[in-house]
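**Student:** Produce the entire structure from the sequences given, and follow the hints as far as they go.
Note that the protein sequences, when read in sequence, are chains A and B.
Here this note's numbering is used: the first residue of the first sequence is 1285, the next is one more, and so on.
Here this note's numbering is used: the first residue of the second sequence is 77, the next is one more, and so on.
Please keep in mind that the hints were generated in silico from the structure rather than gathered at the bench.
Errors might be hidden in some of the hints.
No more than 20 Å apart at the CA atoms, straight line, and that leaves these computed lysine to aspartate or glutamate pairs for EDC-like [what the hints assert, rightly or not]: (1) Lys-326/B x Glu-1348/A; (2) Lys-173/B x Glu-294/B; (3) Lys-1320/A x Glu-1356/A; (4) Lys-1379/A x Asp-196/B; (5) Lys-299/B x Asp-131/B; (6) Lys-295/B x Asp-123/B; (7) Lys-1407/A x Asp-268/B; (8) Lys-1380/A x Asp-268/B; (9) Lys-1349/A x Asp-323/B; (10) Lys-1409/A x Glu-1441/A; (11) Lys-1349/A x Glu-315/B; (12) Lys-1391/A x Asp-323/B; (13) Lys-348/B x Glu-384/B; (14) Lys-1409/A x Asp-268/B; (15) Lys-1435/A x Asp-1359/A; (16) Lys-1320/A x Asp-203/B; (17) Lys-1435/A x Asp-203/B; (18) Lys-100/B x Asp-1302/A; (19) Lys-303/B x Asp-178/B; (20) Lys-245/B x Asp-228/B; (21) Lys-1391/A x Glu-298/B; (22) Lys-371/B x Asp-323/B; (23) Lys-1391/A x Asp-228/B; (24) Lys-1391/A x Asp-121/B; (25) Lys-1379/A x Asp-268/B; (26) Lys-1391/A x Glu-1321/A; (27) Lys-1412/A x Asp-121/B; (28) Lys-1412/A x Asp-228/B; (29) Lys-1363/A x Glu-1405/A; (30) Lys-1363/A x Glu-1410/A; (31) Lys-1382/A x Glu-426/B; (32) Lys-1380/A x Asp-121/B; (33) Lys-276/B x Glu-1383/A; (34) Lys-460/B x Glu-349/B; (35) Lys-1428/A x Asp-203/B; (36) Lys-276/B x Asp-1375/A; (37) Lys-120/B x Glu-298/B; (38) Lys-326/B x Asp-228/B; (39) Lys-1380/A x Glu-1393/A; (40) Lys-276/B x Asp-1377/A.
As the structure is a computational prediction, the values presented were derived from the model and not from experiment.
Spelled out from the first residue to the last, the chains are:
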Amino acid sequence: MSLDKITNPLHIRHWLGDMEADYIYTLGIAGEHFFKEIKENGRIMGAKCPRCNVVIVPPRMYCEKCFAKLEEWVDVGTKGTIHTFTVATIDVDGKKLKEPVIFALVKFERGCGGLIHKIGETKTKEVKIGMNVEAVFKPSFERKASINDIKYFKPTE
Amino acid sequence: MSEVAIVGVGCVGFQPILPELSYKELMYEAAVKAYEDAGVDPRKDVDVFITCAEDYLEGFSIFDEFVPDQLGAVLRPLFTVSGDGLLGLANAYMLIKTGHFDTVVLEAHSKASDLLTLMDVIAFALDPVLNRPLGGHPYYVAGMEMNRYLHDTCATVEQCAQVVVKNRKNACGNPYAAYGANMTLDQVLCSDMYFYPLKKLEISTPADGCVVMVLASEKVAEKLTDKPVWVKGVGWCTETPNLETKDWSKSVDTRLAAEMAYKTAKIHNPRKEVDLAEVNDLFAYKELQHMEALKLCACGEAGKLTEEGVTARNGELPVNPSGGLLGMGYGLEASGMEKLLEVVLQLRSEAGRRQIRDAEIGLAHAWRGIPTTTGIVAVLSNNK
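**Tutor:** Dropping the structure here:
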């Protein structure tokens, strides 16, 4: 038995391979509404369920509670509250980030659900559950109908 | 309907890395042990084989085609469950309950060390349009969940850290555990803050290993062994894949899975009736959250019980005497099988120095990890 154990998988005889695959992810009808409104009008939309009487954010074509088809799109505004958050200090490879990133779930007053996004223009120590925040959009010419058309959410005064 | 028993177990690992074996050889070795333990010949005595694996974790498309040979299952009925090993147990249980099958083999493994970019694969499980473009290490989701859990239950960071101390200590007595250690609360509390309030040492580390089990109907089980472990109930449930609408405080999927399993097993008071619980602890706070979902204690009580030593191996309600995933290592889709293995060994009185005296009813629980909301519960007993 060797005293030096192998701990790095790359040090054993192996074949290095990868699984490359490229996709497009179709937005669908609800996604189209959601991202078009973000891009063109800087608005955050939800879908109203007439049966459950809730507005689901981001919008969907169906209600996950009662399975009804949803066809009414509702503007939920750009202001919400932090339902929960974290401060990430490492990247996906496990390397320390130069600047920590705050991720949060922002809930809107009019909606159930919310948006997962980053929190900006604040210090990591100052973020709190329940804090009021608002969306900061990129300038309209830079928007691409992506979740990143919202730069981040920032605390409101 | 026939009762269902586990009549044989085989395990290889768990170790941080098993460099000498390919994934096929790993499965083969665990299978040989399980067949030997059960006293069955896979080429003659087994009706159905079930493997549990997820393509992306294996590095294959259509991985289920790659499993018959190493299990002795060529030209035999076989299928793969794309989920945790405990979900495979639910399938095996149902097959035997139909009365059409007497002997079923169940397998799940982890060759996590073959996967050089595990966190990228987990990040691929996030919604591609709403979440993935934000980037980041996918475990930020766990940090967010822990934060809300602590906020709502008033559990403390010290209580979460105590889970790590307990489980890694328990793992010292488990030859199947990769990460046994004697550590202090301060070591855990002072480890790097990766995803506030979740710290480095509160996150289970992946490990390589494989567990194979043989299940049988009552008629066959009683011929094969005098130590059958009976599957009294199984339950499973998925909440929602949407991070935006899921419950960030409670594990509602585990709650419903537990209610389903308890109903079949006729468990009315889990806290009193369950002698040991093997509960998913991929992150330390999850053990506490899952204990509450499993009705082993009231909401917000799990942290206090941990602090008081009630969940220690020699406590009144031992939780994760195996060392859990924090101590044994995170075995990907075999995570639930690590739990199940410990319950079987305990109920057979074969758990060595980890043995819990007079254990009669054990609970195994699995959660499929970030970002899933799937919980699976099995209740087992050494009494029919």
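**Student:** Taking the numbered hints from earlier one at a time, note which ones the structure violates and give those numbers from smallest to largest.
**Tutor:** 5, 20, 21, 24, 27, 31, 32, 39
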